[in-house]
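Below, each chain spelled out in residue letters.
2 protein chains.
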Amino acid sequence: MGIENTSENPSGLDSSVKEKCCSISQTEMNGITNRERGRNSDGSISCTNMSSRNCSESSIYCSDFEDGSDTGNSVGPCRRRRTSSCSTYQHYQPLSEKILARIESGEPFFSLEFFPPRTRSGAANLLARLDRMRQGGPLFCDITWHPAGNPGGDSETSSMTIAWASLNYSGLDTMLHMTSAGATVADIDRHLAKAKNMGIRNILALRGDRLEDGNPSDFEYATMLVKHIRKTYGDYFVIGVAGYPAGHPEAPSYDEDLKYLKEKVDAGADFIITQLFFKPEVFFKFVNDCREIGIRVPIIPGVMPIQSYDSLRHIVKLSKLEVPQEIVEIVEPLKHNDEAIRNYGIHQASEMIKAMFQSGVAPGVHFYTLNREVATISIIKQLGLWNCQPQRTLPWKVVPSYRRCQEEIRPIFWSTRPNAYIHRTSHWDDFPNGRWGSSESPAFGDLRDYYLFYLKSKSTKEELLEMWGHSIDSYQDVWDVFYHYLMGLPNKNGVKITKIPWNDEELCPETTVISDRLACLNKRGILTINSQPNVNGVDSTDPIHGWGTQGGYIYKKAYLEFFVSARRMQNLKEILTQYSQINYHIINKNGRFNFTNAYRHCPIAVTWGVFPGREIIQPTVVDPESFLVWKDEAFGLWTEQWAKLYPEGSKSRQIIESIANSYYLVNLVDNDFPKETVLWEVLDKLLSCDDRNHEEECLSTDESLSCSDEVDSQLQRLSV
Amino acid sequence: MGIENTSENPSGLDSSVKEKCCSISQTEMNGITNRERGRNSDGSISCTNMSSRNCSESSIYCSDFEDGSDTGNSVGPCRRRRTSSCSTYQHYQPLSEKILARIESGEPFFSLEFFPPRTRSGAANLLARLDRMRQGGPLFCDITWHPAGNPGGDSETSSMTIAWASLNYSGLDTMLHMTSAGATVADIDRHLAKAKNMGIRNILALRGDRLEDGNPSDFEYATMLVKHIRKTYGDYFVIGVAGYPAGHPEAPSYDEDLKYLKEKVDAGADFIITQLFFKPEVFFKFVNDCREIGIRVPIIPGVMPIQSYDSLRHIVKLSKLEVPQEIVEIVEPLKHNDEAIRNYGIHQASEMIKAMFQSGVAPGVHFYTLNREVATISIIKQLGLWNCQPQRTLPWKVVPSYRRCQEEIRPIFWSTRPNAYIHRTSHWDDFPNGRWGSSESPAFGDLRDYYLFYLKSKSTKEELLEMWGHSIDSYQDVWDVFYHYLMGLPNKNGVKITKIPWNDEELCPETTVISDRLACLNKRGILTINSQPNVNGVDSTDPIHGWGTQGGYIYKKAYLEFFVSARRMQNLKEILTQYSQINYHIINKNGRFNFTNAYRHCPIAVTWGVFPGREIIQPTVVDPESFLVWKDEAFGLWTEQWAKLYPEGSKSRQIIESIANSYYLVNLVDNDFPKETVLWEVLDKLLSCDDRNHEEECLSTDESLSCSDEVDSQLQRLSV
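Note that the protein sequences, when read in sequence, are chains A and B. Those letters in the first sequence? Residues 1 to 720, by the UniProt record's numbering. Those letters in the second sequence? Residues 1 to 720, by the UniProt record's numbering.
Be careful, since some hints might not be right.
The list makes no distinction among identical chains, and a pair is therefore deemed to hold if it is satisfied within one copy or across any two copies.
[Stated by the list, open to error] Restricting the straight-line Cα-Cα distance to at most 20 Å, the calculated cross-link-like pairs of lysine to any residue (SDA-like) are:
1. LYS675 to GLN550
2. LYS675 to GLY537
3. LYS675 to ASP539
Think of the hints as simulated: they come from the structure by calculation, not from any bench.
So that you can see chain A by itself, here it is in the shape it has in the complex (with noise of 0.2 Å):
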């Protein structure tokens, strides 16, 4: 096969292959291709929203219409039988057939490798990294496995631990490098039980570098390795091994080496990542050669964006590769200009992986990215690669672990605090697919454990006491902190407010719209931690409520939850029973009051969607049941967070342990979604009780300034 075949069979891929690929994901059920998503004539990507960006944020919609066109097909026999619930159809998509309907579709993808941080707060840093570069839609992620630093442990910084965290809680489909030189079979089970019971699924077997004083190894090649986990753990694993387009540097030949990679897919490899090169001819050659050799996996070229002359010296030691002299040419000059360098590395990679897509050899681009961020997505972006506007699945950040692909519906009470959420859910077998209701009284796990790396605040103890307050002198202190907050204002201090305990990120666009009214209830004492305004029947693809597939609505029920003082709570109660229309549950610190007229046993859907050729979706419940746990996590997290950033018996610390101890949690659903929510009036009759000494006048409405009042005149001013 030469150069001129690959134009029509680009990747070499066996036509049985192809064609198992296309029967998944060419075809969404209104006609929507992934080919929509246009190649541009410089071998970019226009980014475009699209449903079938989906398969890079999980594996739901795009596989499971079985005999598929967009013309209807006689119904053949049954390919693939699905084992899950109807309403998202979530199934776990292995990695090895995301590659391949990736392929088919001709849309190329981007992975990234990282490999695991010496410290703690690295690893807390790595994961906010993660976080952020899931946004672009990365294909899957690796983490490198350091056998000097107990990779298979349960430190912070072990492989695996970065590995699983990966996966669970930034959510992204994660492969963990594992290697064998020096390791013994039971070493190697070992790992990979570990690995299984994590939920990882993905293993880039290596032989890894030999150790010179180390044991002989069980597995004196990786091919030995990959043969060892399909005969132990059949197709459970999708496995991944090294190419070298320049020949393994230990390698007796160019030639030796292909032979070895042959072995290694005959093995069971599911695909092959290069090691890096830099010229495209490089991977060109070498794909061709596989090719010719029988070899017909994916191939995908791996590219290390250069990012400083040291860091390009080391890697190229360390990989005995050759830079070639244009190269060297260029870098030389610039070697103390690290922004130079920098630059000329985005160049760089752009151009060969533009060259490599524009001659559709390459199926998708890893990057090698040292662990950081900058260029990556400066390459990412300029080849269009990056997802601009990634159309959710869910309401909420999907989980790809098969573990968790077929949860379709979250308590509402976790929605700013997900690591939580799945830390607390991680023993769960099974989850609910649908109904809630299916699964009473799930057993939620503790949640002690504030300072696991996942869950504990982003910022140091100092940045959090610039935005809360070196001391709080009093309730309102801790009232502002809510307000500026909500509004993204700085306090008094002039630093901006980002974070509250309850949420560590910023405000998320949905509650931007009613960022002001809360904002407004803040400033007077009425706590909010949660809220969504009622939404009734907006296209899926809105920017702001939209998610699941294209052609459905979206529906929402407004939603409120915060914290008040005991004395309002006895007002609140007097004035919600002028409301049938909402459901509300108010609950104390200790749990003894406990007060709700919603049906104990039932969740309320307050997120749901109707979509083409399926049955309703309601991933978002405010449940009962789940609220008493939420409360203990909710009060919590004062202490936990707050409280204890001042020293013991300080007035601060009073301050905040005695709003945890006295004031009720309430959460409100309106359940009239389709009308203006009167949430909004019934706390303006709230705040109106203050100044009043009669529960009538209460009740009546107010004269006064209300929340709604001054939002509305804020509105006028900024329309004059």
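Since chain A is already given, all that's left is putting chain B on it; use the hints.
Then chain B, alone, in the frame of chain A:
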């Protein structure tokens, strides 16, 4: 306890019983109490459209708000753990609880007694009568036990079969009488086991008449039967017993008889139904006497409307009752005027019941109907007890059997053949609770038994021939049958067509909305057998589309199911390529042609409701797998219900069978429910293809008069 006291606690119930009752049904979540149905000054009840009426239809919506009061309550210990799913809050509510709930709510009920008919057609007629009377909302009906007629047998006229059909096919909570006289323990155990197996949970335990030449019974008294049922089945059966306001004719004295009654109650009876009587004072004294000796269970007066001189004489003789002189004096002179006697009977019974309701002593009334309906319905309506506008709990008729009480989803295909659906799913153990998907490939029972009395047409063969034609000479003759049915018009012989094989009832109000359009299609050979218009969030109390509790919103996707010729089916396939918003499924009789663009294992919700405080309820789906089952029935009905009316080899039979063999069954779902449906446009295009040769032209908008135009011009005529 004197009569004076009964006005405070008129039913004489234990306060503990009342409390239990209160916790069950006093309050709907939205503060709508059962008390809204006001009692008029004359003791009759105003008929209002109330959600609490649902109690009489099934146990949905009225019994799960534990500890409820409309101002909320501190949540106490769980009194009864709900085990069913959460969307409709369905669970089985025993008849005894329903009675207590109605006593507590102050809303009188009525119940109806029938005896098993003697013939097969009598059985079909009785079922039709039960269907009609069910509309008025009886709390239950009961079926008498005919010891001489093998009452526990399997014939269509046995007490057991009629009770089972009443429960499952007429949808009435049903009580089966059982008499012990002459029966052995083995007899009774066999009967009870069979009743249990059939889903019957209410037994009226009677001694019955001793057979003069019979064997001595194992159960000398009804008390022994009550004890035996309780001992053997615990609380499984609700047990009613008979009370004799005039004393049992065989009892030594009235007081002795009261003691026997007390024993029956102490043995475990849940309530008392009285023998008939003619003056309210008799009932007042009886209740008072019962309460005096400590009988606390509800006592329901049994009333027999006087319907003819002969039947009055007959009943009085049987029951050894004395007719009051004043009644004798009125009836005697009228003895040859049946209508006058019936009118008097209606008047007399109504006045007596009103007096009993006004006193507050009677919680409801039990009618000895003698299997007739006119007089009883007339009385019920005079009393204001007839439920004029029943609010449906779900869009289809709910079966009150505990076996099906969690059923909350059905395929739309059987919507006009609910009895066939119930028959075919009667062996299911678990009803898919909320997610059709959780019951993949449910195994439907065969439908070979078209002759079964609850499945066959209520019309005779001659009536069907009158409607559908004594001879069929052309396809157009067939099409006209559909057309006339939909238009509610008489056929060419002047006979109004009120049914077609797929629909044994007149059109439902929902279909009426679109019947003109449908009729036009049918006249031209698109033979529709099922349809629903799209609906976008109408109020749940809407008289046509509404169901479920107040405060909800109802949604529907437009649905159309029809037979078409092979040629048209080909054109339709072409046309459908232009409409990505439509899900279609096209199939032929033998299923070899099976063409769909739907996910084969995923049902499409086509009717759903959003209610306060609940998950989304989606009771009707289009399920591709069930469609494969339904098509056998739908094609089979051509032959079984229609072709077989004509002699073998006749032209009429040939035409019908050729349609069954050559037409295609199609279903279409328009997923874009908020917009005007495009289904009419699709079918107009289809009709416009008929006279054309070129596909391209066929796909363009037709300039000839389409069905839409025709209907529009009709509407214009109407509005001029």
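Is it within, between, both or neither when you check LYS675 against GLY537 at 20 Å Cα-Cα? both (12 Å within a copy, 12 Å between copies)
Intra- versus inter-subunit Cα pairing at 20 Å for LYS675 with ASP539: Close inside one copy (18 Å) and across copies (13 Å); limit 20 Å.
20 Å Cα cut-off: does LYS675 pair with GLN550 within a copy, between copies, both or neither? Close across copies (16 Å), not inside one copy (25 Å); limit 20 Å.
In terms of the numbered hints stated before, the structure departs from none.
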